[in-house]
Every structure is written in C-alpha cells, then in structure tokens.
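There are 2 protein chains.
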Amino acid sequence: MQLARIGATPRGGVCRLALTAEDAAGRDQFVAWAREAGCTIEVDRIGNIFARRAGADPARAPVMTGSHLDTQPTGGKFDGNYGVLAGLEVVRTLNDLGIYTQAPIEIAVWTNEEGSRFVPVMMGSGVFTGVFALDEVLVQVDRDGISVRDALAAVGYAGEHAPGHPVAAYFEAHIEQGPVLEHHGDVIGAVTGALGQTWYDLEIMGMEAHAGPTPMETRRDALVVASRLVARVNEIALAHAPNARGTVGFVDVFPNSRNVIPGRVRMTVDFRSDSEEGLRRMDAELQQACRDLERPNEIGIALKTVVNFPPRPFDAGLVDRVREAARAIGLPQRDIVSGAAHDAVHLAQQVPAAMIFVPCRDGISHNEIEDAQPEHLEAGCNVLLEVMLQEAGIALAEQAVSVAEGA
Amino acid sequence: MQLARIGATPRGGVCRLALTAEDAAGRDQFVAWAREAGCTIEVDRIGNIFARRAGADPARAPVMTGSHLDTQPTGGKFDGNYGVLAGLEVVRTLNDLGIYTQAPIEIAVWTNEEGSRFVPVMMGSGVFTGVFALDEVLVQVDRDGISVRDALAAVGYAGEHAPGHPVAAYFEAHIEQGPVLEHHGDVIGAVTGALGQTWYDLEIMGMEAHAGPTPMETRRDALVVASRLVARVNEIALAHAPNARGTVGFVDVFPNSRNVIPGRVRMTVDFRSDSEEGLRRMDAELQQACRDLERPNEIGIALKTVVNFPPRPFDAGLVDRVREAARAIGLPQRDIVSGAAHDAVHLAQQVPAAMIFVPCRDGISHNEIEDAQPEHLEAGCNVLLEVMLQEAGIALAEQAVSVAEGA
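So the protein sequences, as listed, match chains A and B.
Numbering that gives the first Met the number 0 numbers the first residue of the first sequence as 0 and each following residue consecutively.
Numbering that gives the first Met the number 0 numbers the first residue of the second sequence as 0 and each following residue consecutively.
So that you can see chain A by itself, here it is in the shape it has in the complex (with noise of 0.2 Å):
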C-alpha cells in the first residue's frame, strides 16, 4: 500500500510508466527496502535491479524471484508489484526466522515489462535471457521521441552491468488476472505454462459511400465484414477451448460518422492457445474466414502477424514444488495456465522457471479497481518462502553465522 502511494491515481489504481519519476521513485523505494533487509544492490545496463541476500555457498548460482515495478497507464496496485514485494517479505521473513540459505537469493525488478512506454514488452527480462539485443532496445524510443537509453540516465538506473547472470532457478509469484481461481475458490495456482500468442492487424478495405442512397445490395461495407469478422474469431477460440482465446480488442472504423457507409476498418486479432498445433489451425481458420469474406462482398483483407510468442510451459520439477508447497501449507489450489506473458515466461528460456499465481477480485487487472485479499497475497508469500527455500537449501547454524556476520 505504501509502495501504491507512488504514482497513484484518484480512482484507486497506479500510473507507474516504464522509467519515469514515478517508477524511478518507485525503484528507490524498493532499494531503499532491500538495502534495509540486508542485500546488496546491483543494476544492469538495461535497468534490471539485483537485490542479493547472500547464501553461505558463493559458489552457487542463486535462486531468484521477482516482477516488475512499471504499471499500465492505468493500472492497478498489485499486477508486477506483488510479485516483487512477496520477494522482499521472504528476505525480510528469514531475516526475522534467522535462516540463511546454501545459494544466494535475488529479487530481480525487471524493466519495462508492461510495455506502455517503450515496445517491446518485457523489455528487461527479454534482455537478460538474451531474447533482445542490448543494443537494438536501448535505442526505442517513447512517443516524445525519448529512447531507453536516455530514459535510462534520466532515472538515474543505467547501470553497469551486462545483463544475464547466471541463475539456479527462477519463481514469480503474480495476481492472476483472470476469474478462475477466484471462481473455484482457489487461493493458489500452480501454473503450468504460458499460452502461446499471435497477434495479427487487419485492414478491411471496402467503399465509403452515403448511407441514405446507396442500396443495401451495391454496398461494399467494411464494418460488416470487420464484424463478421470478429464473430469468426470469437467461434474459433470457442472452438480450440478449454486453452484457447480469441479476441478483437482493437477497432478502428473510417470515417466513423453515422451516416456514411463504412470504407475501411483496422483491427487487431489475439489468438494464444497452449499448444503450436492449436495456434497452428486457429491461423488457417482466421486465414480461411478472411478469404471467404473477401469475394462475395468485394472487400480486400489485409491481414498481417504481428507478434507471434510460442507456448511456454514451465520447468515440470518447479511446478511440482509449487504443487507440494501449496498442499503442505493446506491451501486449495489448481493447476492453471498462463493466458498472459510475464517476464517468467523469458526466463523460462534459460533457467528453470515457474510462477505462483493468487486470485484478484473479479479477475480484473490493468485496470484501477484491480485489487486482491490479503491472506490471497499472504498465501502466495508462504508457498513462494517454501518453494525458495528448498530450491536454496537451509544452511547449517555454523555458516548461517558465517554469512550472517559477513552481511
């Protein structure tokens, strides 16, 4: 609540743009917090900050945890932030206990993951992993024309270090952002794996014409064919479910005056399924929809991908534990899937990587009256101290002293 202070915004939520003052102050604050638990600080040239709290064996690569401190423009208080906190309070919490681990722990803050200022999405962690080039991110620029790498300076967390380190294993916890936990009754979600996505942008092109004297069967309307189209898309995804999505977010009508037949529509499709197979035939029906429309109402599509993710399932062992935690605290939990990337999804490329999930009210996110209960959060706290934990290993009382007295 404290850290949701920082760029708040009048109806509840949080304005934290990627690498503004606002998440600049948002950053201190963490650091600030960080440094007062015990960890040392490091930054890397893409902004990522490492906050470490040492293990008694500095040979072992360290288990880590983390999220993102950036929000949507109008975001919630709870969507990236948790996942960083709840790695926060597992330091604070064996801080309190007196337990050191074997491996290292970090709690990672990954730049720019939502996206809202800088493409492309998950910025930080896709540098990290590896998956962007340094170079090539450093120079996007923000509407205003400012690029990251200025934006970088301007926040004072261009850092030094080249990013990727190595990592023994990687859990995220994070809000939901769906109804199905909530809907079952469920606090905690051990989450299998992402969906995979592709993202396409269509243009409809038909002919504007008067709506009063042009005659229903000499139209050539793009609306018509957009919203057959969107239908169409709506069917497909029902049609791949329980793991499918389909959806027209995005629409955009010319000229968009009453009485004029529409001339021309641009829209956006978002198909993500948990399998390439699946991804593979919602394309060729989306592909085949469009070319049905196109002769009988003399309209072109243009349909172009845009993005294209695939399914990303998470290290099978670190699910397990997830599983195992959860059940050993005695929490109700399911399995779920990720219908949304997250910076773990990156990481999962690389290390062994899984995500906690907890329910947030009503499924709602990227929005201001996101929100979520506070024994949901503390739930996902615990299972993520019992999963770090175990990856980390319990250091024996003689070297918990060791590293105790060398912090």
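To be clear, the hints were calculated from the coordinates, so they are not data collected in a lab.
Where a beta carbon is used, it is the ideal one built from N, C-alpha and C, also for glycine.
You may find that some hints are simply not true.
Said to hold, decoys possible - Only some residues are given here: those of chain A computed to face chain B with a beta carbon under 8 Å:
#1 Pro-178
#2 Ala-208
#3 His-209
#4 Met-215
#5 Thr-217
#6 Leu-222
#7 Asn-233
#8 Ala-236
#9 Ala-240
#10 Val-247
#11 Val-252
#12 Arg-257
#13 Asn-258
#14 Gly-338
#15 His-365
Given chain A's structure and the hints, the job is docking chain B onto it.
This is chain B only, laid out in the frame that chain A set:
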C-alpha cells in the same frame, strides 16, 4: 468550378463548413453573380439567401428553386452547390432568351444543410418552414462554443427578415449521391419522395478484462455483441428491400487496446424506409435483437432514438412535371426515391415540392472525389428550366417589357 475554388482541398474536394469564412466567400460569390443576373437579394434571420427575379404578376408567390452552399469537411464540388447554381443558370438562360415569367422566380441558399458544424442539419430550410424554432436554433453552438447567432453576425449573413414567406412551388436539383441512375444509364431521376429515417445511439456495456487470462466462457465482450448487432442491422434492412437501408457508420470501442476485451462499445444505427410501417417494423426488430443479445451475454444495451423523420412523398403533380419535362427533352429517366434528406424534404411539408436528380460518378458523395458529368448537369438544368417555366408561366410580350424595365 469557380465556386469550387473557394474552400478547395488538395484532393480535389471542397471544405466549406457552414458560416465559416469559406462559406461566407461562397455566399458572396453567389450574391454577386445573382445581382449581375438582375436578381434582388434578401437574407432572413437564419441566414437563408433569396435571390429574386421579378415576375410579371408581383401578387403571385414565387416559384422557388435552390439548395445549399455549405459542404462536409471532406465534401465535393456538387452536393448542394449544383442545385444553387442550376437555379442561377435558369435565371441566366431566361435573361439570355429575354423570357419573363408571370410568377417571380427565387433561388434559395439554405443555411447549414450539412450539419457538420452545427446541429440540426437542414437548419435554414427547417426554420423557414417552421420545423425548427428560430430562437432555439440561434443558440446552438459548434465545438468551439460559437453560437449560430454569433457565426451569422461574424460572416455578415444575419438578415433582417423573419424566416418564412409564401412559395408557389419548390424544385431542387441535386446529384443523386447514389449509384442507381448511373447503374441504369439514366440521366434524370424523378424523385418521388424521400425515405423516412430513424437514427439511434447504442451503448453496449460489458466488462473489460485482460485478453489472455480470461477464459472465453466467462467473458462479457461488448464488441462481440456489437458485431452481432451490426450483422443484424444489415439483415433487417435487406429483409425490407428494396426501399430500406440499415447502416452502422460509427463504432467507438473502449478501451480499444489489442489485448483487452472491450468493456464498452458505443455505436449508431441509421434505418431508412419509404414507409412509416417499414420504419416501425425495423425498429421493433432492432429492439428485439437487443433484448435477445442482452441476457445470454450478460451485456447491457441502451438504445436511444435520436432522429426520426417520417417518409416524405413529393407533390405528385410536380413529380409528373419532372417526368414530362425529361420526356419532352428526350432524356433517359426513371423514378427514384431519395435515400438522403434534402432541404426539399422540409419544404414539402408546406408547399408543393419535387426534386430532380442527376447521376454522380460511382454514386459517391460526401467525399472529395465526388464527380458528375457536365452533360448530366446540363440536362438537370434543362429539366429545371422547363418545370419552373411551367409553374411560373411565361409572361406575355407586353408584360415582359414592363418587368424588364422595372428590373
């Protein structure tokens, strides 16, 4: 072509919004030409201009023709302007031939037909015929808060005369703004009447949610429902063919982001029919479609009627005059209904009225590429001359001399 230079756009169209400096320049040009042609000018309090050519019998009400000089923001050269200049051409031709009429002839320039800057549309003719109250119309404001009253004063067309005076008959020549004449190879449309119109505003309320984590079956996607309504509007109009139209021209999606399920859609519906019964049935079918979609989709639909014009048949006798004139001249013609409203629709409530349509290229109007063939425009002028002469009556030679001397 000379008038079209005033407010000319780079793409060959005209932008001469009502009561702007461009509109004023267009009006000034018309007034200058009308005075050159021997007309006297009167302006009424809503800015309608009446250019009057005296008749042999000053006691007779004038035979009137006219249209408008204002355009859409990306309008063409002919919509409205043709009807005004056709009237001027009739006067010039009568002058050239030394013909005088029994009844006076008037050319009307109606204020703000397009409604692009101020509502209501067809403002000047509506005030002239008492459909709109002058005082209510004068206080309407544009986007910048400028009132009709102030705009009239600024351009020097706030006349003294109370709107409305006797008219013996009204003819309006206009481009068809549709493809029917061109399609059939006809040159003259004898317009039997104008379609009635019902315009609606709809708001479709669902729940926005993240496109990834939200399963298909729990969605309340406002755009999926809006798309079904677009399809339904199209089906309803097709079912009431041939003299019915149904158009969704405007769609606004919220939040309109590619990975967010739309939570709210605002859209319009424009229904037209040549019968009141047709409009009533289309209305009932739309209401039913909304009710059918609300419950199963957990969606709220607010449907509001914002405009309702009944179908308006033109005067059977005058329509017959148009047919006869075209036949006498030997022009291919057909009966046609006007899908659009025109100033003639207001006039028809008070005086015998009719319209003469000529083809426009590809049926396109409200567009900078709007075009028409000189020989078709000339044909329309010849029909207009013929029907106005019929209604006004040719003065005897001795009467003509005295009128000419008076002028």
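If you take the shortest Cβ to Cβ gap from His-365 of chain A to chain B, is it below 8 Å?
-> Holds, because the Cβ-Cβ distance from His-365 of chain A to chain B comes to roughly 6 Å (cut-off 8 Å).
Supplied contact hint for Asn-258 of chain A, tested at 8 Å Cβ to chain B | This interface hint holds because 5 Å falls under the 8 Å limit.
Agreement of hint Leu-222 of chain A with chain B interface, Cβ distance less than 8 Å = 6 Å, holds
Does Ala-208 of chain A meet its interface restraint, that is, does its C-beta lie within less than 8 Å of any C-beta in chain B?
-> This hint holds: Ala-208 of chain A lies near chain B, its Cβ roughly 6 Å from the closest one there, short of 8 Å.
Holds or violated: is the Cβ of Ala-236 of chain A closer than 8 Å to a Cβ in chain B?
-> 5 Å, holds
Hint status (Cβ of Val-252 of chain A to nearest Cβ of chain B, threshold 8 Å) | 5 Å, holds
Using 8 Å as the Cβ threshold, decide whether Arg-257 of chain A counts as touching chain B.
-> 4 Å, holds
Status of the hint placing His-209 of chain A at chain B (closest C-beta pair under 8 Å) = Given a least distance of 5 Å, the restraint on His-209 of chain A holds.
Status of the hint placing Ala-240 of chain A at chain B (closest C-beta pair under 8 Å) | 6 Å, holds
Would the hint on Gly-338 of chain A stand, with a C-beta cut-off of 8 Å toward chain B?
-> At about 3 Å, which falls below the 8 Å cut-off, the nearest Cβ of chain B leaves the hint on Gly-338 of chain A intact, so it holds.
How about Val-247 of chain A: closest beta carbon in chain B under 8 Å, or not?
-> 6 Å, holds
Does Met-215 of chain A meet its interface restraint, that is, does its C-beta lie within less than 8 Å of any C-beta in chain B?
-> Check passed: Cβ of Met-215 of chain A comes within 5 Å of chain B, closer than 8 Å.
Violated hints are absent here; each numbered hint is respected by the structure.
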